[in-house]
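All chains should be modelled from the sequences, with the hints used to inform the complete structure.
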Amino acid sequence: MSAATLGFRHRFNYLLAPKVVFGIAVIALLIAAAIFAPWIAPHDPARQDLMRAMTAPQWGGPHLLGTDHVGRDLLSRIIYGSRISLAIGVAVVLVSGAVGIFLGVISGYFGGRTDSLIQKMLEVFWAFPPLLLAIAIVAFLGQGLGIIIIALASQRWIPYCRLARAEAMALRDREFVVAARSLGASPARILTRHILPNIVPSMVVVGTFAMATAIISEASLSFLGLGVPPTIPTWGSMLADSRAYISTSWWMALFPGLAIFITVLAINLVGDALRSHFDPKLKNI
Amino acid sequence: MTETAPSPLISLRDLQVTFGLIPEPVVKSFDLDIARGEVVALVGESGSGKSVTAKSIMRLVEFSGARIASGEAWLYDNHGGRTDLFRLNQNEMRSIRGSRISMIFQDPMTSLNPVLTIGFQLREAVLRHATMSKADADRICLEALRQVRISEPEQRLKQYPHELSGGMRQRVMIAMALALKPDLLIADEPTTALDVTVQAEILALLKTIQRETGMSVLFITHDMGVVAEIADRVVVMLRGDRVETGDVRTIFEAPTHDYTRALLAAAPKLGAGADAAPAFEPVTDDAPVLEVDSLVVRYPVRKGLLQRVAANVHAVEDVSFKVHRRETLAIVGESGCGKSTTAKALMNLIEPTSGAIRLHGRDIASLTAAQMMAARADIQMIFQDPYASLNPRMTVEQIIAEPLEIHQRGDAASRRAQVTELIERVGLPIAAAKRYPHNFSGGQRQRICIARALALRPSVIIADEPVSALDVSIQAQILALIEEIQRDFDVGILFISHDMAVVEKVSDRIAVMHLGEIVEIGPRDAVLRDPRHAYTRQLLDAVPVAHPALRKARQMEARAMMSPIRPLGADHPTSPMREVSHQHFVRADA
Numbered sequence: 062m063s064a065a066t067l068g069f070r071h072r073f074n075y076l077l078a079p080k081v082v083f084g085i086a087v088i089a090l091l092i093a094a095a096i097f098a099p100w101i102a103p104h105d106p107a108r109q110d111l112m113r114a115m116t117a118p119q120w121g122g123p124h125l126l127g128t129d130h131v132g133r134d135l136l137s138r139i140i141y142g143s144r145i146s147l148a149i150g151v152a153v154v155l156v157s158g159a160v161g162i163f164l165g166v167i168s169g170y171f172g173g174r175t176d177s178l179i180q181k182m183l184e185v186f187w188a189f190p191p192l193l194l195a196i197a198i199v200a201f202l203g204q205g206l207g208i209i210i211i212a213l214a215s216q217r218w219i220p221y222c223r224l225a226r227a228e229a230m231a232l233r234d235r236e237f238v239v240a241a242r243s244l245g246a247s248p249a250r251i252l253t254r255h256i257l258p259n260i261v262p263s264m265v266v267v268g269t270f271a272m273a274t275a276i277i278s279e280a281s282l283s284f285l286g287l288g289v290p291p292t293i294p295t296w297g298s299m300l301a302d303s304r305a306y307i308s309t310s311w312w313m314a315l316f317p318g319l320a321i322f323i324t325v326l327a328i329n330l331v332g333d334a335l336r337s338h339f340d341p342k343l344k345n346i
Numbered sequence: 005m006t007e008t009a010p011s012p013l014i015s016l017r018d019l020q021v022t023f024g025l026i027p028e029p030v031v032k033s034f035d036l037d038i039a040r041g042e043v044v045a046l047v048g049e050s051g052s053g054k055s056v057t058a059k060s061i062m063r064l065v066e067f068s069g070a071r072i073a074s075g076e077a078w079l080y081d082n083h084g085g086r087t088d089l090f091r092l093n094q095n096e097m098r099s100i101r102g103s104r105i106s107m108i109f110q111d112p113m114t115s116l117n118p119v120l121t122i123g124f125q126l127r128e129a130v131l132r133h134a135t136m137s138k139a140d141a142d143r144i145c146l147e148a149l150r151q152v153r154i155s156e157p158e159q160r161l162k163q164y165p166h167e168l169s170g171g172m173r174q175r176v177m178i179a180m181a182l183a184l185k186p187d188l189l190i191a192d193e194p195t196t197a198l199d200v201t202v203q204a205e206i207l208a209l210l211k212t213i214q215r216e217t218g219m220s221v222l223f224i225t226h227d228m229g230v231v232a233e234i235a236d237r238v239v240v241m242l243r244g245d246r247v248e249t250g251d252v253r254t255i256f257e258a259p260t261h262d263y264t265r266a267l268l269a270a271a272p273k274l275g276a277g278a279d280a281a282p283a284f285e286p287v288t289d290d291a292p293v294l295e296v297d298s299l300v301v302r303y304p305v306r307k308g309l310l311q312r313v314a315a316n317v318h319a320v321e322d323v324s325f326k327v328h329r330r331e332t333l334a335i336v337g338e339s340g341c342g343k344s345t346t347a348k349a350l351m352n353l354i355e356p357t358s359g360a361i362r363l364h365g366r367d368i369a370s371l372t373a374a375q376m377m378a379a380r381a382d383i384q385m386i387f388q389d390p391y392a393s394l395n396p397r398m399t400v401e402q403i404i405a406e407p408l409e410i411h412q413r414g415d416a417a418s419r420r421a422q423v424t425e426l427i428e429r430v431g432l433p434i435a436a437a438k439r440y441p442h443n444f445s446g447g448q449r450q451r452i453c454i455a456r457a458l459a460l461r462p463s464v465i466i467a468d469e470p471v472s473a474l475d476v477s478i479q480a481q482i483l484a485l486i487e488e489i490q491r492d493f494d495v496g497i498l499f500i501s502h503d504m505a506v507v508e509k510v511s512d513r514i515a516v517m518h519l520g521e522i523v524e525i526g527p528r529d530a531v532l533r534d535p536r537h538a539y540t541r542q543l544l545d546a547v548p549v550a551h552p553a554l555r556k557a558r559q560m561e562a563r564a565m566m567s568p569i570r571p572l573g574a575d576h577p578t579s580p581m582r583e584v585s586h587q588h589f590v591r592a593d594a
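As given, the protein sequences belong to chains A and B, one line each in that order. Everything in the first sequence is counted per my numbering, starting at 62 for the first residue and increasing by one. Everything in the second sequence is counted per my numbering, starting at 5 for the first residue and increasing by one.
Residues on chain A that point at chain B, a partial pick, calculated with CB under 7 Å:
| hint | residue |
| --- | --- |
| 1 | S243 |
| 2 | P258 |
| 3 | N259 |
Note that these hints are calculated values from the structure, not bench results. Remember, predicted model here, so these are calculated numbers, not experimental data. Glycine included, every Cβ here is placed at the ideal spot set by N, Cα and C.
Printed below as a string of structure tokens:
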């Protein structure tokens with residue numbers, strides 16, 4: 062009894078570690094900013110005001126974080142930019158997770174020819190340099206949110222697939238799976254009822270890290286001018302804009318960069334916490 | 005054994021060990037004295053803190069997150085001096101480990117490094133404590149291997165762990181522990197992972213070496229039979245407390261504590277069931293529910309780049325038996341004898357090479373897919389490890405309902421009603437339905453497995469070592485439950501086990517398997533009282549005695565490992581079975 066409540070408190074403490082609180086707080090702030098952007102952004106992110114171009118950040122002034130080369134408010138653009146980062150992060154995690162887990166579980170559970178076929182395909186995808194493949198996809202299919210998501214998911218399913226395969230292989234011979242098989246359960250039933258629920262924790266961990274890298278890659282694509290259409294503000298395209306003015310207007314590069322950095326850091330911190338949380342070796346302490 | 009005023013070797017005073025943040029100590033003010041040349045058995049069920057105590061003496065608990073909260077551990081040397089082990093730092097402790105106190109562990113398969121030779125690992129253990137030339141170290145290693153009676157010790161030094169059998173590996177572990185002639189050997193369940201004949205060899209060996217060298221042994225075990233075989237003195241542990249201590253004979257003849265009495269009563273003893281008639285008569289006059297005819301299972305061994313089949317594992321050869329309604333047929337044998345493979349073939353989890361399996365007289369190989377589904381429902385299995393055989397992410401209700409769902413029996417409401425009934429039938433509270441397996445103990449989990457096996461009302465249940473992962477006191481309850489459901493549900497049971505005492509308790513008939521063949525099969529009493537095959541006799545002889553007064557001299561030599569791998573195309577000549585008495589058949593090579 063006392064051990065049980067203690068275990069619970071122990072787990073609770075875990076999530077209250079300062080770095081995890083920081084991570085969760087930043088992610089919560091990001092979600093809030095994305096949803097309530099029209100209400101909290103001080104200016105219209107697209108409104109240009111050449112008279113006020115490249116205003117330096119000023120505490121108490123109309124532009125807290127300054128303006129860019131055509132006089133758009135940086136704070137408002139960063140707030141609106143979080144929408145794209147978040148949408149892309151979540152969508153890429155869902156798409157790559159669905160593909161990767163599906164292929165991985167099938168590969169690991171059935172083994173043999175199915176397995177080697179899927180693994181060969183995986184190796185082909187893996188052979189491309191990550192950003193290059195994404196650039197090629199965008200270059201061929203054109204710009205657009207859906208295409209960006211496909212481009213970014215094109216290699217991010219691989220870690221899911223590898224881990225799901227390894228876990229399915231280990232679970233395949235566990236007695237409870239053998240028990241289900243001896244009852245006459247179909248492969249589909251075994252996969253959905255017995256294998257999938259048992260690999261969810263590790264997939265959640267892979268997902269958080271995939272989300273962090275997806276946000277960085279989206280910024281990279283936008284930086285290269287291959288991101289979403291230029292009218293939509295994103296952190297990456299803001300960085301791209303700052304390139305020419307970096308020596309005179311440091312704020313144009315600093316604040317979008319900081320937004321990317323803090324977001325990715327927060328997601329990684331939460332991912333780390335989840336990983337420790339699901340680590341079976343830490344379970345019985 | 006009974007010198008006057010034996011000189012002490014180690015005395016543990018007021019040991020308290022705590023884990024992590026849990027305030028309740030795992031070991032509570034525990035005292036233990038071991039004299040020179042004494043064999044002390046530390047007995048208790050899982051979780052009683054016996055291993056933690058042993059690891060505290062070695063100061064190894066600190067590596068697994070525990071803390072020695074208080075206590076003293078005085079280690080006496082030959083000159084009357086003494087050291088408190090708990091005051092030493094880990095550096096000083098390292099010089100004591102291996103040279104003055106050594107430890108051997110339960111699983112010889114994992115305690116040796118698979119990528120290093122036996123010789124390298126032995127020499128490393130020696131050189132860690134003594135500065136000497138490699139040649140001298142090798143000489144000591146060779147001597148240690150001779151001491152543990154390993155055949156061809158020079159050859160063994162060059163071999164890798166996988167080339168040796170489990171018994172041989174445990175001998176190597178013992179040699180490693182003994183190489184520097186420690187004063188105290190701590191043996192943590194050293195025979196639990198071994199087959200019964202190998203266990204007998206290892207126990208005899210430990211006893212002999214102990215007598216030859218005069219060292220002390222702290223023997224940790226849960227098995228009262230092993231205690232009866234080897235101990236001079238017994239300490240009984242329960243939830244971190246010492247409940248009783250005394251001379252081994254006193255403990256066996258006049259235990260004072262209730263728990264000790266319960267442990268002794270629960271320990272399955274071979275011969276105890278001699279007069280006990282089966283609780284009810286099996287129905288043997290009508291047709292058998294399960295009939296196995298000349299079953300053969302061979303696995304290919306693939307080798308090389310092209311994965312060519314290089315040899316075959318002859319896992320099951322010419323196995324035939326029948327199981328009737330309400331009858332329990334036990335298959336006994338040691339690991340690798342093919343008993344689990346037979347079970348898998350019966351469950352249609354692997355394809356037999358040849359032979360027929362008939363369920364209610366119908367060969368299952370001839371069934372259509374739909375008929376096969378129905379046949380599956382008729383034959384169910386209880387697995388060995390109740391921790392591994394339940395999906396940790398399903399509730400008990402979902403687990404027990406799964407067979408009903410797969411076979412589409414009834415609607416959701418009727419399934420729920422059946423599940424509730426089954427949960428009650430196996431003696432679990434109804435509240436269990438909504439909980440997950442990790443909330444239950446091993447015995448309770450095995451009850452869940454039994455309920456799952458019963459859900460489809462099968463006519464045959466295969467129980468593959470259903471109690472070997474459980475503590476003895478729980479074993480008895482689960483065996484009683486299996487007998488009850490056999491009567492109530494009218495099923496035939498195929499009971500697979502390596503434990504002769506358990507088999508004696510539950511079976512009506514016994515089949516003894518060795519290297520894939522049934523070497524002897526017959527009514528329980530005929531096989532146990534009048535064993536005709538040499539291997540059956542060997543098995544029975546290896547079972548630990550029930551009382552220290554019955555100790556006998558045993559053979560200590562390691563037997564050669566017999567392999568069931570045969571070259572391609574090798575046929576498997578089996579000698580015919582002959583009937584020695586009513587329904588009692590023995591392979592003619594006996």
